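Asks: Now for the letters of each chain:
Protein chains: 4
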Amino acid sequence: MAGSAFGGVFRITTFGESHGVAVGVVAEGCPPLLPLAAEDIQRDLDRRRPGSSRQVTQRRESDKAEILSGVLEGKTTGAPVAILIRNADARPKDYEALRETFRPGHADITYFRKYGIRDWRGGGRASARETAARVAAGAIARAFLSTLGVCVRGCLEAMGDLEVPFRSWEDAAQNDFFAANRGAVVKKLSQKIESLRREGNSCGARVFAVAENVPAGWGEPVFDKLDADIAKAMMSINAVKGVEIGAGFAAVKMSGSENNDEITPDGFATNNAGGILGGISSGQNVTVRVAVKPASSIRIPQKSVTASGEETVVETKGRHDPCVGIRAVPVAEAMLALVLADHALRQRAQCGKFS
Amino acid sequence: MAGSAFGGVFRITTFGESHGVAVGVVAEGCPPLLPLAAEDIQRDLDRRRPGSSRQVTQRRESDKAEILSGVLEGKTTGAPVAILIRNADARPKDYEALRETFRPGHADITYFRKYGIRDWRGGGRASARETAARVAAGAIARAFLSTLGVCVRGCLEAMGDLEVPFRSWEDAAQNDFFAANRGAVVKKLSQKIESLRREGNSCGARVFAVAENVPAGWGEPVFDKLDADIAKAMMSINAVKGVEIGAGFAAVKMSGSENNDEITPDGFATNNAGGILGGISSGQNVTVRVAVKPASSIRIPQKSVTASGEETVVETKGRHDPCVGIRAVPVAEAMLALVLADHALRQRAQCGKFS
Amino acid sequence: MAGSAFGGVFRITTFGESHGVAVGVVAEGCPPLLPLAAEDIQRDLDRRRPGSSRQVTQRRESDKAEILSGVLEGKTTGAPVAILIRNADARPKDYEALRETFRPGHADITYFRKYGIRDWRGGGRASARETAARVAAGAIARAFLSTLGVCVRGCLEAMGDLEVPFRSWEDAAQNDFFAANRGAVVKKLSQKIESLRREGNSCGARVFAVAENVPAGWGEPVFDKLDADIAKAMMSINAVKGVEIGAGFAAVKMSGSENNDEITPDGFATNNAGGILGGISSGQNVTVRVAVKPASSIRIPQKSVTASGEETVVETKGRHDPCVGIRAVPVAEAMLALVLADHALRQRAQCGKFS
Amino acid sequence: MAGSAFGGVFRITTFGESHGVAVGVVAEGCPPLLPLAAEDIQRDLDRRRPGSSRQVTQRRESDKAEILSGVLEGKTTGAPVAILIRNADARPKDYEALRETFRPGHADITYFRKYGIRDWRGGGRASARETAARVAAGAIARAFLSTLGVCVRGCLEAMGDLEVPFRSWEDAAQNDFFAANRGAVVKKLSQKIESLRREGNSCGARVFAVAENVPAGWGEPVFDKLDADIAKAMMSINAVKGVEIGAGFAAVKMSGSENNDEITPDGFATNNAGGILGGISSGQNVTVRVAVKPASSIRIPQKSVTASGEETVVETKGRHDPCVGIRAVPVAEAMLALVLADHALRQRAQCGKFS
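Protein chains in written order, with the numbering used here: chain A, 1 to 355; chain B, 1 to 355; chain C, 1 to 355; chain D, 1 to 355.
Chain A extracted, bound-state conformation (with noise of 0.2 angstroms):
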């Protein structure tokens, strides 16, 4: 069982490398007479773009969304909905010198050990390139979503050891860095990465997301419970190696008395919970935490071996993130967008109603 497909109900394939002829994804089980433009698409690629800000990596994609099946007239039919996004800036070239070579931190050597062949163009299938089609997939999650209210948003709460301090989604819409916060700490995040690219190092991040209005009733116990399924679709990103729901961590050193969420008639008190009990919705603010790793290709020698196992050098060239945690925001956005939406239906297929 190969894993390019990700949801029960509302389910994903995606397929595609970075530097061949194109990523995308057929969504299946999107519910029928949705509107649905390329243009929602877009809108959700673009966030998510290379090249978009100086802040991510310098590769130039239209990140062009083509539709090419499932609607008619605008609106959706019930039919697979695929979506294709062609390769525009391709160099294959700049990667010859991979060919042979691992990377360390990279996903290089084990697509090579569970293959025995390695798509070395650009890191292939492991490329974020493939986050495309995830975005893409999400914001087709996001549409129905909003059509039950619920909303999905991101940003980033900490860029190596520069926290963010949250202060409005607005705010987060209104900086390349996705912080939600436009006081200093936005230049700082810039000096951050300025100097980062110099010295050819990358820097890890923390990303937080969390969905609104999601109802209560959300979830299958005991495996397909909500918050399961939204740290396996987190862990799924490159480069993620942590997952939190609410409290996450800290409820280690808690009590049940602090911990414990009491409830009254106007809802619960507080929320370490994370919206999420027993692996259902509550009703309260679904959060999540991603901890993203620093990215593995940086211009900095370090040892590795060739695919033959003798002792090399590695300076990775080309064009990178020094924090692809960034561009992460969109893509968690779209991850926990796409848990929701299969949720959403799963909860309506055996209990009749969305809540």
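Since the hints were derived computationally from the structure, they do not count as laboratory data.
Since no wrong hints were added, every one of them can be taken at face value.
Just so you know, same-sequence chains aren't split out, so a pair can sit in one copy or run between any two.
Heads up, simulated DSS-like pairs for lysine-lysine below, C-alpha to C-alpha not over 30 angstroms straight-line:
no.	residue 1	residue 2
1	K187	K253
2	K253	K317
3	K93	K75
4	K93	K317
5	K303	K253
6	K317	K75
7	K192	K253
8	K93	K64
9	K353	K75
Being a predicted model, the structure only gives us computed values, none of them experimental.
Position chains B, C and D relative to chain A; hints supplied.
Replies: Just chains B, C and D now, kept in the frame of chain A:
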């Protein structure tokens, strides 16, 4: 799509409620001709069993596993292996008071909102008792993995703010806390549990699990990455709120040059990746950390509401764990084993061999 | 991917061998709050039961269904419903002679070739006893479908070359053959069975099943079409070798103008389509015909080989049906009900309502 | 759960409408390092192509396959293989008249009832054009199967009441009817098609498909039996109304002693089982027969209703096949290949080898 199944090729389906007739599991896809006896399953169940020590819930369950199918003359036949564990010490009456009341921090309220009905007898399906079925299935997975030389182990790394420095796996086998340290920390753990029991409170925990000797090549990008499926597996365990692979959240503050594990002809120099690159095992140890929240059932009174929405105050009676994180150790091991067994077979399906 | 599960949203997983401890089923995804009692399941099991008449195998099984989970105070809770049927009259010794020999026409040889091991005790998992679990699960599906007004029925349409003209469903309920005709044909059926029993031979059968009152809209093109899933469901029953929907093979010789069912404001004029167009129910009766081959276990000596490949002659002893097609009637009904229940929920998932 | 995916380990997802932008497929789980070129796919597509002969629809489609992903330097990489076939000769205008009218015998009415919207442009997703994607995917499956020595072939066995006696596979490759007989019957087939075209009518067909050299052991009891999955695969093809394995419906009238295939040290004496016992391949040829109903789109006027429920009369214009059963031959081959490729890998997953 209800969520009581887990895995693709090696797939389990669990059933049963805490104070109903029984809990159990059907495991499909196990390779034939694997030696398997009820004792293999019993051994793991006994480690998880309530009443096995003073540290955990005082419910007395024999947790006797009966193999119903799929085994002939001590060997698996390739047919589904069903395991039944009857509830011997069920006392639904103890929970009558909770029939119309939702415990704060518990799944009582969300099950009711989701299904419109709730098995109020000791948490029903949301009870930690459900994990007995996981452990039983995990024992089959372990039996299979051991034929490949893969070993899965776990320990309690922290209980509340009390850290347990790792000393040895032998130590972990010699105390009821799964503490990999036979030193003074065991006494402190005991004292902490006693103190919580007196207060009627509970505390969180951090669990560490590792799989040794995993070959390179397991994991199915881009969604069923090995780490993604581990994250789901762990987050699906009762009370888990966070999952880390390798360096986890610490990677946020690292630079690429620090975080990248350099490669030498003798292997990787470090293991910040936790044995997984691009969602595929690298041949290093697969390392996971899990945050377990404090048990929600406490004797300290907390505000809540009744099923009809009226204010109330809840003090949970009954026999509960002050720290569910302790018993989460064998459960985390079982879930890790289940993910690995499944991915071993998936790797063999597509690529023809385990490594 | 082992194959003991069936269905998408309403999904069952069966286990158990003919002469092992038990057979059983876990049914996931059943809507909550559905009234369900052990008697509902027992009623259907009793129709299928061996020993219930002289017409079928003389094995005496009480086939007592025990509900292990998922039901509280007479209603489903949304959690998996597990049902256990212990094997009371298992006599593995009767099959010792078949330990090293493959019966012609039986799955003995293929199970052995596939798994390298074979549960020789009465056919193990390949025994018709396995269908008890299907019937038990089908009873849950029926209980759900009846809330939608959908009714599933079946009858024996032919036994060998003896055709049974349809007279009424009431008739079908009044004889052990499920013959929808209480006339002289019942006597002929009895005589044929007696004659086969004397000869030690067996015969084939054709079974008809129909679902009435199915709303338009069920079925998921282009692969999980309603007829495609019905075909799979039927062909998965022991000994089934052919499936027809509506006019079936007769459509080969029809012209389009004959075969097309004209549509009027009052509905379709004919039903050559068998209630399914483009894989989606049309609102007409869903009609299915199934070819059941003669049972392979016969007393007449036939050439075969041993496990080590040597020539031998097999005469099956034991208690066998001269016509397994009789008992296939309730099994075909159960499978049809399972497909419909699943597709009802899948339709609700994507499109929001059952019709 | 929408139904546009098929298979477990070797899994395809199709998309696209008849007169939309394109049709296509994503094939997951293909073993890596398999030689695969666009020409391999084109060869099969050309056999199915409309306009390739006078016998089938006069729509002119180049059916040019573009491989979008999963292949590097002529070899599969293990990543999803996506194939795109743009619709060159789409003429939605031709179908304006059908916007508000349902053709008798066609899926127009059921798609509308299911989704509340219908892609009226040439049948949309319900068009036989969808099968191009199946054939493209089938070509990958065939390429894989050929590495195992497995060969899949098909022929037209009957067109209406005109039977085509089998002569040789070479014959089947030398005429546009896939008739395995180069004799006078080909002329009769031509005359029949011409006659139907003149009348504006259509006829049914029976297709035969066989897989040679299938090892023993493929198929996953008890639901994903090889024959069950073949039945589903075949019944999911447009216009198919019946499926038989081996002796099929003829087995109804056989006795056990006739039907059982005796076994000798050199193999089975006969093949009434169609190469499958207990849902597992026996090592004999796997044989399948499929009933294809006459195409519903005919020029002869028939009664129908409009979307608003009013009486109308329909005479289909446009370019249609008098006998869709002809083109069903390569489609049936493709579906059989897809089932076998999937089960080959599933067998390897659980049991470690293909045979």
